[in-house]
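Keeping their order, the protein sequence lines are chains F and V.
For the first sequence, my numbering assigns the number 1 to the initial residue and increments by one for each residue that follows.
For the second sequence, my numbering assigns the number 1 to the initial residue and increments by one for each residue that follows.
The set of hints was computed from the structure by calculation and includes no laboratory data.
C-beta: ideal position from N, C-alpha, C; glycine also.
Please note that the accuracy of each hint is not assured.
To be verified - Some chain F residues well away from chain V (every beta-carbon gap over 10 Å; in silico):
(1) Ile12
(2) Leu44
(3) Ser54
(4) Tyr58
(5) Glu63
(6) Arg97
(7) Arg112
Stated by the list, open to error - Derived pair list, reagent style DMTMM-like, types lysine to aspartate or glutamate, alpha-carbon separation capped at 20 Å:
(8) F:Lys14 to F:Asp88
(9) V:Lys58 to V:Glu88
(10) F:Lys41 to V:Glu64
(11) F:Lys64 to F:Asp27
(12) V:Lys110 to V:Asp85
(13) F:Lys14 to F:Glu59
(14) V:Lys100 to V:Asp8
(15) F:Lys14 to F:Glu52
(16) F:Lys14 to F:Asp65
(17) F:Lys41 to V:Asp8
(18) V:Lys49 to V:Glu66
(19) F:Lys41 to F:Asp27
(20) F:Lys20 to F:Glu87
(21) V:Lys42 to V:Asp85
(22) V:Lys42 to F:Glu22
(23) V:Lys58 to V:Asp85
(24) V:Lys100 to F:Glu63
(25) V:Lys49 to V:Glu64
(26) V:Lys100 to F:Glu59
(27) F:Lys41 to F:Glu22
(28) F:Lys41 to V:Glu66
(29) V:Lys100 to F:Glu52
(30) F:Lys64 to F:Asp88
(31) V:Lys42 to F:Glu52
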Amino acid sequence: GAVVSQHPSRVICKSGTSVKIECRSLDFQATTMFWYRQFPKQSLMLMATSNEGSKATYEQGVEKDKFLINHASLTLSTLTVTSAHPEDSSFYICSARVVQGDSPLHFGNGTRLTVT
Amino acid sequence: AQSVTQLDSHVSVSEGTPVLLRCNYSSSYSPSLFWYVQHPNKGLQLLLKYTSAATLVKGINGFEAEFKKSETSFHLTKPSAHMSDAAEYFCVVSASGTYKYIFGTGTRLKVLA
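With the rest of the complex left out, here is chain V (with noise of 0.2 Å):
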């Protein structure tokens, strides 16, 4: 069974400071770990995906996360956060080649002015 804990609930940061956001994974399986972008009242947009190849995977937007197995981890970060990163983030896990995703609760990130 998958499952995908994020360690916070709400992050706030200064913009132009760096970012992250923490998400630890519980797979059987060869996971396959993406983090998802959503904006107020919108879907949800693809940041990075991992599946089993580089494990420092970077997205779009400056974003980037690290695969670690040892510590079953896979935080986001970006060195430098805008205005614009403010939203809810939210990383999910499936088992490699199937296409049922388990969500994390989501991680609310603030950026102050």
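The shape of chain F in the complex, shown without the other chains (with noise of 0.2 Å):
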């Protein structure tokens, strides 16, 4: 089956710093991945959409230069967070889908980050 592969899986980081986390579909092509947000013992909130060849489309409310995505591949989507803060703190997830058919996501393990 589809397979992404989300890395690093634990992070902790220094205020200020700026963390990056990669997203790659390991088994098929994904012109289009997503990165969502989740806070402890809440739901999942899409922060964008990220689009292979070309800028990324973000949520409302979710600040484009302090969360830069690339997705120079077919395989790999990138997040960084840009000098990051204690409330950057939390569980990052992303997910993929099979180009063709109607395929559902797929979704990485997930990336907790810790910023002290």
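Mind docking these for me? Both chains are given alone in their own frames, and the hints should help you get the complex.
Structure below.
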């Protein structure tokens, strides 16, 4: 089946630094990937839609300069949290879908970001 | 616009008894509906999906869900709970043909020995 790999699974960084999270589709091509954020004991909130070869589409209220998304190839999208602050601490999950057919989204295992 | 409501934030069942997790949806278009499961600090695993074919959908691990248009519901059931079923379950709706998923608030399932 379709596998989405997300790396790292956990990261701790100091306030003011930047963190990059990678999302890879391992056995399929994904023209579109999605980035979600999940606060403790809450649901997933869509942050942005990542489009291969073009700019990401951000949801209302998400700062595009803070959460930089790059989708340079059909198998890789990256989310960079710039100048991280403690309030950016969260669980970030990416997803992707197989281009053909009516396939559902496949999710990565998430990245737990802790900003100290 | 689409929305989804999970009616119970927590459900507790005894091992071996049936599971019912409730979900109601709202959609302006013909919806696609999904149930995903999330174990602690993990990503989401697809349990099953409805995309306008059979209204009774069978998924993995013995789960199934029935799409009832008249009730705008898509409840998840399992005849007999197992300890490994303890997790967070999300009902998800998207407009058919789109991939913008709207998540419910989740139901935490606890299975008692």
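Evaluated hints:
no.	hint	result
1	Ile12	14 Å, holds
2	Leu44	5 Å, violated
3	Ser54	16 Å, holds
4	Tyr58	13 Å, holds
5	Glu63	20 Å, holds
6	Arg97	6 Å, violated
7	Arg112	6 Å, violated
8	F:Lys14 to F:Asp88	11 Å, holds
9	V:Lys58 to V:Glu88	19 Å, holds
10	F:Lys41 to V:Glu64	25 Å, violated
11	F:Lys64 to F:Asp27	29 Å, violated
12	V:Lys110 to V:Asp85	8 Å, holds
13	F:Lys14 to F:Glu59	26 Å, violated
14	V:Lys100 to V:Asp8	24 Å, violated
15	F:Lys14 to F:Glu52	30 Å, violated
16	F:Lys14 to F:Asp65	19 Å, holds
17	F:Lys41 to V:Asp8	14 Å, holds
18	V:Lys49 to V:Glu66	10 Å, holds
19	F:Lys41 to F:Asp27	31 Å, violated
20	F:Lys20 to F:Glu87	17 Å, holds
21	V:Lys42 to V:Asp85	14 Å, holds
22	V:Lys42 to F:Glu22	16 Å, holds
23	V:Lys58 to V:Asp85	16 Å, holds
24	V:Lys100 to F:Glu63	19 Å, holds
25	V:Lys49 to V:Glu64	9 Å, holds
26	V:Lys100 to F:Glu59	11 Å, holds
27	F:Lys41 to F:Glu22	24 Å, violated
28	F:Lys41 to V:Glu66	27 Å, violated
29	V:Lys100 to F:Glu52	16 Å, holds
30	F:Lys64 to F:Asp88	14 Å, holds
31	V:Lys42 to F:Glu52	25 Å, violated
Of the numbered hints stated above, those contradicted by the structure are hints 2, 6, 7, 10, 11, 13, 14, 15, 19, 27, 28, 31, listed in ascending order.
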